[in-house]
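Asks: If you want the building blocks of each chain, they are given just below.
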Amino acid sequence: MLSRTADSLFWLARYTERAGNVARGLAVASRMAAVSAGLGAEDDEWRSLLTASGGDASFYRKYEAPTAEAVVHWLVFDLDNSSGIVACIEAARRNARAVRTALTVDMWESLNDTWNQMRAMPPEAMEGEKLADFLGWVRERVTLFNGAAHDTMLRNEAWRFVHLGTMLERADNTARLLDVKHHLLTEEAEGAVDYVQWQAVLRSVSALRSYHWVYRDRLTPRRIAELMILRPELPRSLMACFAEVAETLEAIALDQGGRRGECHRLAGTLQAQLRYGRIEAIMEEGLHAFLTTMIERTAALGGEIDAFYIRH
Amino acid sequence: MRAEDGVRAAYAEIERWLRDTPREQLDAKRREAELLFRRIGITFAVYGEGGDPERLIPFDLIPRIITRSEWDRMAAGLRQRVRALNAFLADVYGGQEIIRAGRIPAALVLENEGYRAEMVGLKPPGGVYTHVSGIDMVRTGPDEFYVLEDNCRTPSGVSYMLENREAMLRLFPRLCARHRVAPVSRYPEELLETLKAVAPPKAAADPCVVLLTPGPYNSAYYEHCFLADEMGIEVVEGADLCVENDVVHMRTTAGPRRVDVIYRRIDDEFLDPKAFRPDSLVGVPGLMSAYRAGNVALANAPGAGIADDKAVYPYVPEMIRFYLGEEPLLANVPTYLCDREEDRRYVLSNLDKLVVKLAKGSGGYGMMIGPHATRDLREEFRARILARPGDYIAQPTLALSTCPTVVEQGIAPRHVDLRPFILSGKEIRIVPGGLTRVAIREGSLVVNSSQGGGTKDTWILEDEGPGAPAEGMQSQGQSQGQSQGQSQSQSQSFGSQSQSQSMGG
Numbered sequence: 001m002l003s004r005t006a007d008s009l010f011w012l013a014r015y016t017e018r019a020g021n022v023a024r025g026l027a028v029a030s031r032m033a034a035v036s037a038g039l040g041a042e043d044d045e046w047r048s049l050l051t052a053s054g055g056d057a058s059f060y061r062k063y064e065a066p067t068a069e070a071v072v073h074w075l076v077f078d079l080d081n082s083s084g085i086v087a088c089i090e091a092a093r094r095n096a097r098a099v100r101t102a103l104t105v106d107m108w109e110s111l112n113d114t115w116n117q118m119r120a121m122p123p124e125a126m127e128g129e130k131l132a133d134f135l136g137w138v139r140e141r142v143t144l145f146n147g148a149a150h151d152t153m154l155r156n157e158a159w160r161f162v163h164l165g166t167m168l169e170r171a172d173n174t175a176r177l178l179d180v181k182h183h184l185l186t187e188e189a190e191g192a193v194d195y196v197q198w199q200a201v202l203r204s205v206s207a208l209r210s211y212h213w214v215y216r217d218r219l220t221p222r223r224i225a226e227l228m229i230l231r232p233e234l235p236r237s238l239m240a241c242f243a244e245v246a247e248t249l250e251a252i253a254l255d256q257g258g259r260r261g262e263c264h265r266l267a268g269t270l271q272a273q274l275r276y277g278r279i280e281a282i283m284e285e286g287l288h289a290f291l292t293t294m295i296e297r298t299a300a301l302g303g304e305i306d307a308f309y310i311r312h
Numbered sequence: 001m002r003a004e005d006g007v008r009a010a011y012a013e014i015e016r017w018l019r020d021t022p023r024e025q026l027d028a029k030r031r032e033a034e035l036l037f038r039r040i041g042i043t044f045a046v047y048g049e050g051g052d053p054e055r056l057i058p059f060d061l062i063p064r065i066i067t068r069s070e071w072d073r074m075a076a077g078l079r080q081r082v083r084a085l086n087a088f089l090a091d092v093y094g095g096q097e098i099i100r101a102g103r104i105p106a107a108l109v110l111e112n113e114g115y116r117a118e119m120v121g122l123k124p125p126g127g128v129y130t131h132v133s134g135i136d137m138v139r140t141g142p143d144e145f146y147v148l149e150d151n152c153r154t155p156s157g158v159s160y161m162l163e164n165r166e167a168m169l170r171l172f173p174r175l176c177a178r179h180r181v182a183p184v185s186r187y188p189e190e191l192l193e194t195l196k197a198v199a200p201p202k203a204a205a206d207p208c209v210v211l212l213t214p215g216p217y218n219s220a221y222y223e224h225c226f227l228a229d230e231m232g233i234e235v236v237e238g239a240d241l242c243v244e245n246d247v248v249h250m251r252t253t254a255g256p257r258r259v260d261v262i263y264r265r266i267d268d269e270f271l272d273p274k275a276f277r278p279d280s281l282v283g284v285p286g287l288m289s290a291y292r293a294g295n296v297a298l299a300n301a302p303g304a305g306i307a308d309d310k311a312v313y314p315y316v317p318e319m320i321r322f323y324l325g326e327e328p329l330l331a332n333v334p335t336y337l338c339d340r341e342e343d344r345r346y347v348l349s350n351l352d353k354l355v356v357k358l359a360k361g362s363g364g365y366g367m368m369i370g371p372h373a374t375r376d377l378r379e380e381f382r383a384r385i386l387a388r389p390g391d392y393i394a395q396p397t398l399a400l401s402t403c404p405t406v407v408e409q410g411i412a413p414r415h416v417d418l419r420p421f422i423l424s425g426k427e428i429r430i431v432p433g434g435l436t437r438v439a440i441r442e443g444s445l446v447v448n449s450s451q452g453g454g455t456k457d458t459w460i461l462e463d464e465g466p467g468a469p470a471e472g473m474q475s476q477g478q479s480q481g482q483s484q485g486q487s488q489s490q491s492q493s494f495g496s497q498s499q500s501q502s503m504g505g
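So the sequences go chain by chain: D and S.
Note that the UniProt record's numbering has the first sequence beginning at 1, numbered continuously upward.
Note that the UniProt record's numbering has the second sequence beginning at 1, numbered continuously upward.
The reader is advised that the hints may include incorrect statements.
Which residues of chain S face chain D? A partial, calculated answer using Cβ under 7 Å [to be verified]: (1) Asp-229; (2) Gly-232; (3) Glu-234; (4) Arg-251.
Hints listed in this document are in silico derivations from the structure and should not be mistaken for laboratory results.
Note that this is a predicted model, so its numbers are computed, not measured.
We put the CB at the ideal spot given by N, CA and C, even for glycine.
Turn these sequences into a full structure, and let the hints guide you.
Replies: Now the structure itself:
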């Protein structure tokens with residue numbers, strides 16, 4: 001396959017996944033802000049969401065403080081933020097248009113309809129009282145796209161690059177969301193605020209219910225970290241995502257007669273580390289240090305995939 | 001019995017169909033066609049007018065019919081013309097015998113913008129320069145065809161020939177079945193075979209062919225993807241290709257892959273920033289060097305544009321005589337080169353009768369249709385011609401044939417032209433059909449899509465058409481094959497012939 005095609009497929013999936021993740025993050029932050037307003041920690045939510053989205057530096061160049069309005073504007077509308085929802089949908093559709101023939105009709109139509117519907121929306125339909133509806137719509141559209149890809153794509157290289165993009169983006173998102181709350185997960189404090197925070201962390205990866213199904217017990221920071229990092233059953237855990245990444249890279253290599261590079265080694269290492277890792281060791285080492293390393297290595301893996309398959 | 005009875009008879013069935021089909025049904029079908037085209041995404045970019053740049057080209061439901069015997073005569077003329085154009089290209093980049101023989105002015109060729117000195121002495125694989133040619137034809141009477149213009153660079157529009165047929169088969173299966181329409185669907189296969197046939201001798205047994213596009217923002221991008229898809233080849237952009245040791249590779253996820261033939265839909269000047277415009281972002285640095293080394297074939301060859309220059313056009317009949325020793329089978333429209341003093345005098349004193357065009361213009365831009373022009377516009381063109389005579393040519397207005405067309409008020413005759421596509425590889429092949437463009441505005445002679453023109457399906461009928469050769473299309477008035485004499489009374493509707501290249505070619 002043409003490298004450019006692979007690149008566009010990879011990024012259209014990443015941007016789509018990112019739009020969904022930002023929407024999920026915003027929904028949880030809005031909820032938390034409402035809950036913790038009475039507890040006097042309202043702005044913390046917006047600040048940590050901003051940090052998790054990875055764009056604080058450029059945010060502070062344009063906005064003074066992470067108020068609700070500013071962060072929502074930045075994460076929904078602002079085209080200077082390449083991780084904003086509108087910008088992500090634009091970028092996904094742009095990439096899709098460039099490789100239309102590599103997409104199935106269902107995938108193209110789901111992306112194109114999303115884009116068309118978004119363009120037809122007045123700004124007031126995407127903020128204020130309507131924000132929650134809008135975020136729900138975004139998540140729905142992303143789910144539809146993922147379903148279209150999953151259900152209609154031939155399992156060839158095109159599918160694999162789409163899947164790589166989705167999984168790498170998802171891993172990155174989970175690591176970041178967890179990292180901005182790491183301080184709440186290490187101190188074994190048990191105030192009301194913390195408990196609500198723990199719930200919020202789980203909600204941001206749609207895993208609150210899953211937690212109860214897996215552990216059938218009250219929330220503890222250690223188990224939350226374990227679920228989101230090590231448990232293969234949770235589709236947004238680092239373990240689940242990196243297993244998919246490594247498997248997908250391996251499938252591409254097998255298709256190409258065993259051609260492998262640094263990206264394969266790195267993905268394999270990450271997968272092994274998670275597969276054989278133990279939460280006690282991670283907590284002991286320090287959750288923050290561990291997650292920082294994971295975020296860095298996820299970025300490095302993206303770079304290696306690019307170097308090996310795209311820009312050789 | 002008049003000679004056009006054959007054509008009229010061919011329309012008899014269509015006429016019956018139109019009589020039996022209520023207007024509402026036609027309108028419904030028209031909407032269906034529009035939906036079909038929009039969903040597939042067949043759009044054409046129209047720039048500089050504001051509004052949505054991605055527009056549909058209006059598709060007219062009534063097919064344009066050409067009988068097999070007419071087509072065969074035209075096709076013979078097209079083959080002859082393309083052979084001569086190719087011989088001319090080989091000559092002007094080789095021994096330049098036609099210039100030495102004094103049959104065409106040296107300056108007209110050698111100082112022409114379309115002439116690429118880089119091509120001198122370079123032998124393209126198979127000796128082919130113009131692999132895909134689009135020759136724009138107009139019909140002015142029974143069996144009377146004129147060549148309006150040659151397109152030897154990157155003629156486009158063939159996707160409409162294919163998609164219009166698909167639309168007709170889907171919308172009107174029974175009407176199609178009642179006619180023996182020559183199929184066009186094998187064009188992509190023929191194109192691929194033509195391209196493979198000109199692979200360099202060094203290429204592998206199954207050469208790697210790619211289509212080079214300027215990218216998604218090019219007006220013909222849809223066509224690029226469509227053709228590549230139909231041929232099963234990659235659509236590449238400049239950045240997907242790289243040249244190493246004079247060999248062209250494309251970047252694939254499995255590493256570099258050697259490319260043997262490039263069907264390029266990028267203009268000469270943008271092909272290679274090292275050889276031509278250094279500011280080109282869509283080209284491939286080093287491509288010309290690889291081409292010169294004989295490691296890759298380019299279709300069409302750079303520099304092929306010299307053969308379709310509007311000022312070179314008047315010399316094509318001479319080329320046919322010079323290279324082939326034959327008399328031209330297809331007529332040229334008489335053309336006055338304003339650079340020639342005698343011609344210029346004639347043009348300036350007959351501005352109200354002539355069509356004046358930029359020798360380098362395309363898409364129907366920068367032209368003046370004398371009989372329709374205001375006094376001021378004529379004076380403006382007079383000044384322009386005097387200032388830069390070499391930039392202008394003029395031609396008499398032709399009595400273009402018309403074809404019944406669905407318009408707001410009902411069904412009415414509208415002017416049409418035809419662009420058949422001629423493929424030259426090891427041999428010359430022509431798929432029986434072409435792109436019929438129609439001037440939707442009443443009286444308009446400009447069929448360019450950039451000027452509001454539309455398209456029709458073109459039917460080459462294998463037999464002379466069903467039904468009796470009755471009065472034919474009386475209701476459509478002067479719909480078919482009007483002689484020039486008759487047309488004068490219709491001066492309103494005859495201004496000039498269409499201009500071509502509207503499809504970006």
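Asks: Please go over all the hints and tell whether each is borne out by the structure.
Replies: Hint check:
Given hint, S:Asp-229 at the interface with chain D, holds; its Cβ is 5 Å from that chain's nearest Cβ, closer than 7 Å. Evaluation of the S:Gly-232 hint against chain D yields a violated restraint, the C-beta minimum of about 11 Å exceeding 7 Å. With its C-beta approaching chain D no nearer than about 6 Å, S:Glu-234 sits inside the 7 Å limit, and its interface hint holds. Hint status for S:Arg-251: holds, given a least beta-carbon distance of 4 Å to chain D, under 7 Å.
Hint compliance for this structure: hint 2 alone is broken.
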